[in-house]
Amino acid sequence: MSDYISRADLLSWLEKVSQSRDLVAPVKIEDLTLFQKVERVEDIVFDPGNTDLSPKEFFFPKSEVLFYVDRSDGRVELVPAEVEQETVIFGIRPCDAKGIAVLDLPYLEEPADALYRQHREKTTLVGLSCVSACPECFCTSMGTTPDDASNVDIMLTEVEEGFIVQVVTEKGKALLPEGLLSSKEVSPPAAPSVASVPSEGIAEKMHQVFDSPYWDRLADRCLHCNVCSYVCPTCYCFDVRDLRSGGRVERVRSWESCQSPGFTKIAGGYDPRAAKGPRLRQRFAHKLLYFVEKFGVTHCVGCGRCVRSCPVNIDIREVIQDVQGLGVKSEA
Amino acid sequence: MKRDNPLLPYLATLDEVVDLTPDVKLFRIELNDPEVRESFDYQPGQFVFVSAFGTGESPFGLTSVGYRKGPLEVAVRRVGTVTGSLHDLEPGAIVGVRGPFGNHFPLDEFKGKDLFIIGGGIGFAPLRPVITSILDHREDYGELTILNGARTPSDLVFAPEFDSWAAAPRTKLELTVDAGDESWTGRVALIPRVVAELGFSPENAIAVICGPPIMIHFTLIELKKLGFADSQIVTTLEGKMKCGLGKCARCNVGEKYICRDGPVFTMEQISQLIEQF
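Which chain is which? The protein sequence lines are C and B, in order.
FYI, the numbering for the first sequence is 1 to 332, going by the numbering used here.
FYI, the numbering for the second sequence is 1 to 277, going by the numbering used here.
Chain B with its partners taken away, still in its complex shape:
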């Protein structure tokens, strides 16, 4: 989307705020200008900066899908000042939106393949539009396995959608937590362990993983043991960023800017970067 000043946000209104977990809220945001709303298109994996005016702006992966033309959705965990201010806002509040920025998940390349979507904690958020897109075009893709893990049962994001995901054709939903509670009857295991137990086949398959660095590190080890090549593993990188345009020079990993060349990379691309995080 072209405009004169790419650092100037669009004004937008918080339509709805949904508690996803004790510290994660889903914000549904409607862009105020009808023309901007109409032309604001984006792909799974792209992100926006959301402003809480007076505190600042931070980047968030969009959890909605562009083709449905609804409000923009982001899932925000309360971790710092901007996310704290956003959490304090009520529906009706005016926020700022800049974007969309970045590349996106290569859904075209996923077509006809079996997919393992693995997310840990708030890292699951950018995977949600991937799942929505696959389920909306179910016949285009092979078997789908969704693995969502979190610290505790109440930290699992997008719980209201679990039933519909589990009921979708050729789709399995696996949930796991680091520590259960009285009512939890499901799996208690770290994500890498579950990956090993489930034993995905790498044949004609793609694994998509998002989560904290430590989870990604150990999950990669398990995926490689299962025979996944680096080119079959897709992930997102996270970095401090202030512009989204490759200008503030904050989010580079070696010669690549996460904001512009990413945030989606295959492990093959990441292994070729000169700088390793």
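Looking at chain C on its own, in the form it has when it is part of the complex:
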């Protein structure tokens, strides 16, 4: 027997949830599917594919005010931003939920990032298992699976006319009213088969091929458009700037990419990663070497978005394959 909810009951529950909290779920925006605050639950997209962007921005916004400078009454005071709004993210896929768990590692490590922690505490994740695999995904090679419930508060798996419900955390339990779920004799569909990449031992291999001319060759066609970082559910580099808005000064944090020219350029003009080769290597070394050494997991969850988005077909699956093969032959 499984806990079960019908599609109609699910929608009316989500409708109730949206009355007391921000409900964020996949919706169609022109030809994109994006996580957005939902106005009408009928707009929620239940398509089997994944969204064009992960819900990373609800924890680490594209641009976020850290504090503003209040200069009233001849005094200076810094007013920090606070996250007040309770949010429920519905329809997050296991790879993106794993992405949030990966973001936790640097951001919640002491001293924790204050705003990220607040977003995290105020947000409940309702996941949706993948019943089919996208052509570019490789989650099972990156430490998660299409039905991995370990990084969400509630997990739903679509079955005929409804969903099997796994209540994973206390936070998830608190969101569900008594009596909402029924028991039903249904078994979950078989997990889809996901393409694999040879990720085993990749950190060690990255170490060995760090100085290979491979990186310069690969980077030759990179346009440093940064799209790989922006679509990535785990990329977390940021920039901080002071902006004037409405007559006051705000300190704003925004997404940045290690692929940007000038990402490492210091005052006076010296840039240790001025060339494209070392910049592209930084992205893969961070994901497959440095992060693994520090936190024990890859900084990639296999969602495949960078593969889909890259205008010059730089493909992390091929990079992993290539790196594993480099130096096997005498040519490195």
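None of these hints come from the bench; they were simulated from the model.
None of the hints are false.
Here are the simulated lysine-lysine pairs, DSBU-like style, with alpha carbons at most 30 Å apart:
1) 265(C) to 25(B)
2) 62(C) to 37(C)
3) 265(C) to 224(B)
Go by the hints and put chain B onto chain C.
For chain B alone, coordinates are given in the frame of chain C:
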């Protein structure tokens, strides 16, 4: 120092601004909150972010010493937007301070050893608290040689302290410039050349060098010719950084973050990094 939001600066007041060179100013900064001021402790080599609100914040090595409990001091060369805005501020202005961040010079390991402190241009700034600490506890250390170099005589930082450094026991001060002027009677030579001429002995000695990458590169060559091992050479690395906490992922050199694992490294540690700058 623990606080809820490590990206939120402490408010502070510019106490005093001193012109060190035509483009370097020394800022004496007093933290506004007496409790914060009391508990704000730091070691030579550590750095703070200083905010010019409306322009932004940048990291600067502290040039003062924590144990003296005075105002915080940073030496700022006008090179970009934040440093430009800081230079435009007058005493009394409100700024922001975050920190202290980073590791520090291993002064305990310097004890009983001869020390060669070599700094070029504004790179000399983070060495000043090392010198202050050594001179304040002179008996703990061996012979001290300070080599301060700059492009021109007027670019030599901390000139008001040269007399007291030169007069300290078992201490030599060597100054050099790339190009002299009418009144300059001292040495005109690049730092690596002076290192070769002075011929430091590596026996029971440590060399501490800070400066522009090109100066460090050639100075290292000379120090190695003199017989210095990588473990006897201490330097600082500089990197673009936005947080000081190892989170913005801007200042890594290979697997290390300059802000958190550095900025002070021995050449032995640097040579073991996977990425070489």
